[in-house]
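Below, each chain spelled out in residue letters.
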Amino acid sequence: MSAAADTPEERELIERARRGDRDAFGEIVKMYQNRVFRLARRMSRSDDDAWDITQDAFIRAMDAMERFDPQYRFFTWMYRIVVNLAINKTEKRKRRGEVRFVEDYDGDGCQVVEDRALERAAAEELAEAVKRAVGRLSPPLRSVFVLRVDQGLSYSEISETLDIAMGTVMSRLSRAREAVRESVSGLLGPESAREGG
Amino acid sequence: VDEGNRSDCPSFEELMRLMDGELSGERRREVRDHLERCPRCRSILATQERMEASWRESYRPPPESRFRRMRQRILERNGDSSGSRLLRFGLPVAAALVAALVGLRIFMPGFGSLLGTVDSPSTTAARQAEQAMDARRRSAEEPDRAPGQPSDTCAATDQTRSEQGAAEMEEVVPEEQIDGAVASPVEEAREPASEESAEPGARPEGSGEQVGREDRDAAAAGGGAGGYGVTAETAQPVAGEEAAGYAGVSGEAVSEEEPAPRESLSAPDDELDLVTDVAGLASAEGQLQEDDSTAVAREGSSADGMAASRSPAQESEMVLELAFDSSGTVSADRETMLDSLAPGWRDSLDGLHADTTLAMTLQRLLELLQVR
Chain D
1 MSAAADTPEE RELIERARRG DRDAFGEIVK MYQNRVFRLA RRMSRSDDDA
51 WDITQDAFIR AMDAMERFDP QYRFFTWMYR IVVNLAINKT EKRKRRGEVR
101 FVEDYDGDGC QVVEDRALER AAAEELAEAV KRAVGRLSPP LRSVFVLRVD
151 QGLSYSEISE TLDIAMGTVM SRLSRAREAV RESVSGLLGP ESAREGG
Chain Y
1 VDEGNRSDCP SFEELMRLMD GELSGERRRE VRDHLERCPR CRSILATQER
51 MEASWRESYR PPPESRFRRM RQRILERNGD SSGSRLLRFG LPVAAALVAA
101 LVGLRIFMPG FGSLLGTVDS PSTTAARQAE QAMDARRRSA EEPDRAPGQP
151 SDTCAATDQT RSEQGAAEME EVVPEEQIDG AVASPVEEAR EPASEESAEP
201 GARPEGSGEQ VGREDRDAAA AGGGAGGYGV TAETAQPVAG EEAAGYAGVS
251 GEAVSEEEPA PRESLSAPDD ELDLVTDVAG LASAEGQLQE DDSTAVAREG
301 SSADGMAASR SPAQESEMVL ELAFDSSGTV SADRETMLDS LAPGWRDSLD
351 GLHADTTLAM TLQRLLELLQ VR
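Chains as they are written, first to last, in our numbering: chain D, 1 to 197; chain Y, 1 to 372.
Just so you know, these hints were derived from the structure itself, not from any lab. Remember, predicted model here, so these are calculated numbers, not experimental data. Where hints are given, some of them may not hold.
[Said to hold, decoys possible] Derived, one-sided and incomplete: chain Y residues facing chain D with beta-carbon distance under 7 Å:
hint, residue
1, Met16
2, Leu23
3, Arg32
4, Glu36
5, Phe67
6, Ile74
7, Ala323
Just so you know, even glycine gets a beta-carbon here, dropped at the ideal spot from N, CA and C.
Bound-form chain D, shown alone (with noise of 0.2 Å):
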């Protein structure tokens, strides 16, 4: 799945909606509401919290509408609003001891996890472990892979979106990964490798 740029359509509906055409600002939401709703789902943890961020972040969009400036691409900006509200919602848990995760991954790159059952284990098997270990993630990694990985954007599209220089995405992207990794051959079985080099 990946965000393509803001179509001709899309731009006169973001032009309509920005005038206070709420018409056209439901076609909007229409628009987006699965990429949203997936993304704040990924960087959630769970559906109730997604939905919360999702309903959240359009009202927010909407509010600003008649702010935002259309020389932009809609989509980064949309999922910021997300990305930060998931992040917000991710903190105030922690701060209540709902949940912790991985606050950084210190991997050098020079260690990469290499496990036989990452090449063994079932699909479903897998996709569950991921998603456990995406968990994991503390916000700033987990929205750096989310928006690669799940999202499909390229890196200058992580960049506009996070507004973080593109070496940024690439180190946080490269630790996110790692940490993921590590964390999925934890989960599958005692076979785990930790090779150097």
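Assemble the complex: chain D is given as a structure, and chain Y must be docked to it using the hints.
For chain Y alone, kept in the frame of chain D given last:
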């Protein structure tokens, strides 16, 4: 480049860049050539692709009906989404809650301070909730953590965290900066890390308010990109996610047990109608007292006939009872009501009261909901 006896292997990051189609030029050709003769790197790449694909393809979208209800709620709103909406619309919400007393169990006053005197197992839970909310309110009122506070450098954020404690950090992304206002990111693609050198302020900025991003001093960065020569990183759009604040692997993640699905934003239409009706009562003429009377009149038809003769003064001393089940959720009708009137109510109440009943005055409940 990896160390040890695999010194000619590309780094994991380079392999990932190749997989993502983000490696270009001569280096791309070199890595591809390497892959042809290195089974280890091919295996790493293949397993990574498989892992990611399995996760990506495991997603199951929700039914369109849920989106439809969500759209309805969004478009029917009055256009305010900030966290302080409860404060600004306090009167209508208060009136709506009073009206929504229909169906809530209501006790007659006469206990003095309700939370302190109601003889119920919920008393302790209510007090704990109050203490928690008071703590949040106090932290929210801390001038040092005003929403306008810039999204700090990693180091600054880390310092802030150590000084204030993570529990006191009210918002990671300042509330008014969530939507980034006009600050959509710039269109132009940025240069690779090796060329950016992370000079503070070097990148073009979007106009208007940025969502918590400022170019930062290189010394504040902590997550360099290894072989890409990145000497510094710009700050995350949210404060404090990068660098020292996240240094090291700490603890294990808790199991991701998902609660039973709730219809928090997609309650059945009949429930929505009920809430809409209640909200309509609340906003009509903006007369709280009038709405109270309406609510009381409605309530009079319920089993608790005592309510019919209450005065507004007595209303303010009524004790509401919200029962939380073992998973910390309230009943569906209460959820629907609270979702409609105060979408952020969970942040104030939810999760605090498993297997308890929270009893408090309407006034106190409103205060709790306003904490957010």
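| query | Which hint numbers doesn't this structure obey? | reply | Hint check: 2, 3, 4, 7 fail, others pass.
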